[in-house]
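Student: Below are the chains, spelled out letter by letter.
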Amino acid sequence: MDWLSKNLPYLMAGISVGGQYALIAIGYTMVYGILRLINFAHGDIFMVAGLVMVYASTVMPVYLAIPLVLVVTVVIGFLVERVAYKPLRTAPRMSVMISAIGVSYLLQNMALYVTGGLAQQYPALPWISDTITVFGVTTKRVTVITPPLVILLVAALVMLIQKTKIGMAMRAASKDFETSQLMGIKINSVISMTFIIGSFLAAVGSLLFFSNYTGVTPTVGAMPGLKAFVAAVFGGIGSIPGAVIGAFIIGISENIIKGLGWTTFSDAFTFALLIVVLIFKPTGLFGEAANDKV
Amino acid sequence: MKKQTEAIISVALIAALLAVLFILERTIPSTSMLFTVLKKGAIYALVAVSMNLLNGFTGLFSLGQAGFMLVGAYTYGVLTIPVDQRPNVYMYYDGGMIQFALHPIAAIIIAGIIAGIFAYLIGLPVLRLKSDYLAIATLGFAEIIRAVFQWDKLGPLTNGSNLLRNYPSYKSVLFYFIAAGVCIALIVMLINSTYGRAFKAIRDDEVAAEAMGINLAHHKRIAFVVSSFFAGISGALLAMYQTSIQASMFKSAMTYEILLIVVIGGIGSITGSCISSFLFIILSEWLLRFLDSELVIGGFKVPLLRSGFRKVVFSIIIMIIVLFFRQGIMGTKEFSVRRIFNRITGRSRKSSEGRNGR
Amino acid sequence: MKKKIVSALMAVSMAAVVMAVPALADTVKIGVYEPASGDNGAGGKQEVLGMQYANSITPTVEIGGTEYDVELDIVDNESSNDKGPSAASKLVSDGVSVVLGSYGSGVSIAASDIFKDGGVPAIGVTCTNPQVTQGNTHYFRICFLDPFQGTVLANFAADTFGAKKAYVLTKLGDDYSTGLGFYFTKAFEELGGEVVKGEFPEGNSDFTSYITDAKNEGCDVFFTPTSTEAAANEIEQAAAQGLAIPLLAGDTWDSNVILNAAKGKDVQIYVTTFYQEGGNAEFDEGFKAFINEDSTNLANNGNDDTVAAVSAMGYDAYYTALEALKAAGSTDPAAVNEALWGVTYDGVSGHIEFDQENGDAIRSSAFVKVANTESGAWDFVSEQTISE
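Chains as they are written, first to last, in this note's numbering: chain H, 1 to 294; chain L, 295 to 652; chain S, 653 to 1040.
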């Protein structure tokens, strides 16, 4: 029991942060699956969702602010795709990626401008920010509800992709972009839908993440974004279950490393793990077989 | 236009540029922002060209540039801090383990070599990866390098996560131009050699290049190591320019910045990289700075202007370039005496392009 | 003939000053090298407020018989050791006579050589790391140093809490954090204590595992000299995990960011600092009025009118600079640098006088405060001194 109460906090923090990475990672993996684009701006959309909540909560009650955050984030994700990626659909892949870096730059700098460069305190959300005790470990409720919530959302997403028409279109587009276009799939609405789903999940992720780690700064999305992306690659980019499992593995191992006292290397370990996986299984744990589109 | 005349004119232009810089240095106070941005521009031009060698000419999508710059900058700092300054700098590590100091020029070259060795070792596993996976793996290695250099067990060597400073540095803007210029000239020579042609063949079609008898692994490794060598040198120059360095500066954001410069200049254009790095630095560090402070014109307070606005405007400019000028400033073309000459004399472009071989 | 012209000019300018025609007055530029964004943005802004307040009270200075308008040339060093130097070169190229700043130690060390090469003296305001002034003649400082602060904190931990084991959490690559952690560790170990070390990388916002470490190791105090940005996260998570031991920190935590984060939570927070609100009633009152009359000032102070110690330090730094300008009798940076060695000034944070070796202020006392989590204000604990 003593051992448990000493080590459980690391594990719980790991699972919870892993769940939050998972929600961001899904956005990366879906976009990559269809567009072969590393959407560098995704982490910043996550940050923007946090900022919207900070500002919304000062003028309206939380039960209005939460839906607003979800809607605004989805709209931003949608607009980013329309403005910055869609015009470049025929351009070389490098151009689109640069555009993503540009958007990331722009979002960060706008956030810097709006906040004046100061960390903003995330509001305490009722219920999920409450402190509770599990097996003698004190923590926030959000730590405990993150994993089931993630699993629920992922199950819903998988249902959507497997059972609905738009889901079928998405699968088709990620298998073969050009052919699916020829088959009459409205590729632009499929892509928009991908961004909408990705942004929605990032917004949910931000609600959970910032309830735990309450400082919102312009660059706060960069590290979780990068790690979520690593998780997506790790699990096999393009695969949703892969991204989720990858995210949990990364979240947990990162906290175990910290628990062992190797705090300097907690970030580096994530990347080392990634490189090892890439070398031995270049397409990630659950990646599709080499479907070379380059 | 004869090749010889072209060469003479090119040399004359470079000499004229250096002369102008020389005169400027003697007429404008040395503290002027002009020199600051010119120095930084020259350094970024070098690292942008080195990245272009990989991404633009060999088609290897690598995002490890900041990591190799870090190696170069640290090598330079560690090797050149005067012995009597070491107890000050390595104050938490009893003066550090290295108790000698090299001449700056020697240290710069060693900085490049060490970065090259790192690149060779990292290249062994990662160069087998393709496109985006290579990008992510190199990005990951850059982050790992950063963590290792901050490790306090290596403190006696790297000063842990603390600043390295008090090392010698050249103040003259001429030094930065000559150093960066020589390195860029070497890269151009490489690109115009047999190796360069092999690089381009790999970029255009790996399978075809291999079929033509090009040793893929060998050539990729050479491009990667050479690019990192020059990234290391530019890291050393950056250390010199900044007068103090720290591992935490070399984040992935730095690599993204360099990549932006390369793309804005035109992927596959050396002169494009140079021009855009100067534009990038001059705009962001100097000309746009007025946007950060409040301005009142005739009693009217210009709206929006406050700290941070410069960066917003700057990122909007970048987005416009990325969206509407996809080829960048130069595309894959080069700025050369011959082109200008042809433009002036009105010779048909086709014939000169053909002979230029580009 | 020349003399006549000079005296005529003098008379005219004197008359101009008497008639208070500002257009005729000369201007002297004081550079302000402070963070307005990044990790230390909140503290930097408060420090600048102190200078701006001082500037609003005393907007002119008489140098060599001429009345000069003082212009604050403010740049943002972004709390970043790589962005800082280019902001510093901007100041040097603007031709400032003296530089004030910075809030943090790292950026001050990083820009030190830029000021040195430009021949501009700098007055460090709240950068406490010894390396800022060590071995140079152009960087001065008006606050106490980390060896002193670390010792004060170690003594305080041992005396007040009877601490035998301390958890020390510092940020990688942050000179202030690493330095103060180092001096605390040294002093605490000399007192027979034991230290468990933790380090977090930049961009980290998850402190749960460090807090768990501290609990598991059975530490008596949690010492964490970090920026306010990390602090807000640490406090939040310490409270969420029910960390029962006191949190100890240095001067950076003396900020309303900490008070806001701690308000209504079950945490004990002790800090050492330069100034205690109430130390100089006149200054407090004037400063609060200055903040409340302008919405930008209020926002820069974190939307309340708590008097931060760094504001008092900024205020004193401004007057120290004016003293130096007066003593130099010229706006030439080299003359100001020379004059700074001899400057003395009685500020709101105490007497300021530089030692003749490194140009550090001779300070022998620090205030210890505790965060009152109910009222959201600082309560005075004690004034600590140590004999060297």
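In case anyone wonders, no lab produced these hints; they're calculated from the structure.
Keep in mind that a hint or two might mislead.
As the list claims (entries may be wrong) - Straight-line C-alpha distance at most 35 Å; calculated DSBU-like pairs for lysine-lysine:
(1) S:K849 x H:K6
(2) S:K838 x L:K447
(3) H:K6 x L:K424
(4) L:K447 x H:K175
(5) H:K186 x L:K447
(6) S:K917 x H:K6
(7) L:K465 x S:K735
Unchecked claim - Over the 12 Å line for every Cβ pair with chain H, so calculated as not near, a few chain S residues:
(8) V722
(9) N788
(10) N807
(11) A883
(12) K940
(13) D984
(14) Q1036
Said to hold, decoys possible - Pulled a few chain S residues facing chain L out of the computed Cβ check, cut under 8 Å:
(15) S689
(16) D734
(17) S738
(18) I761
(19) A762
(20) D769
(21) G787
(22) D827
(23) T830
Idealized CB from N, CA, C, for every residue including glycine.
Student: Hey, K838 (chain S) versus K447 (chain L), does the alpha-carbon distance stay inside 35 Å?
Tutor: Since the Cα atoms of K838 (chain S) and K447 (chain L) sit roughly 18 Å apart, the hinted pair holds (cutoff 35 Å).
Student: Would the hint on T830 (chain S) be counted as holding, given a Cβ-Cβ threshold of 8 Å to chain L?
Tutor: holds, 6 Å
Student: Do the numbers back the hint for A762 (chain S), that is, is its least Cβ distance to chain L under 8 Å?
Tutor: holds, 5 Å
Student: Would the least Cβ to Cβ distance between Q1036 (chain S) and chain H come out above 12 Å?
Tutor: Holds: least Cβ distance 29 Å, greater than 12 Å.
Student: What's the verdict on K186 (chain H) and K447 (chain L), does the C-alpha distance respect the 35 Å limit or exceed it?
Tutor: violated, 57 Å
Student: For the hint on D734 (chain S), does the least C-beta distance to chain L fall short of 8 Å?
Tutor: holds, 4 Å
Student: Would D984 (chain S) pass as off the interface with chain H, using Cβ distances and a cut of 12 Å?
Tutor: holds, 34 Å
Student: With a cut-off of 35 Å on the C-alpha distance, tell me whether K849 (chain S) and K6 (chain H) pass.
Tutor: holds, 18 Å
Student: Mind verifying the non-interface call on V722 (chain S)? Its CB should be farther than 12 Å from each CB in chain H.
Tutor: holds, 25 Å
Student: Hint validation: G787 (chain S) versus chain L, beta carbon distance must be below 8 Å. Holds or violated?
Tutor: holds, 5 Å
Student: Classify the hint on I761 (chain S) as holds or violated, based on whether any CB of chain L lies nearer than 8 Å to its CB.
Tutor: holds, 6 Å
Student: May I ask you to test the interface hint for D769 (chain S) with respect to chain L, counting a Cβ-Cβ separation under 8 Å as satisfied?
Tutor: holds, 7 Å
The structure is inconsistent with the numbered hints 3, 4, 5, 11, although it conforms to all the rest.
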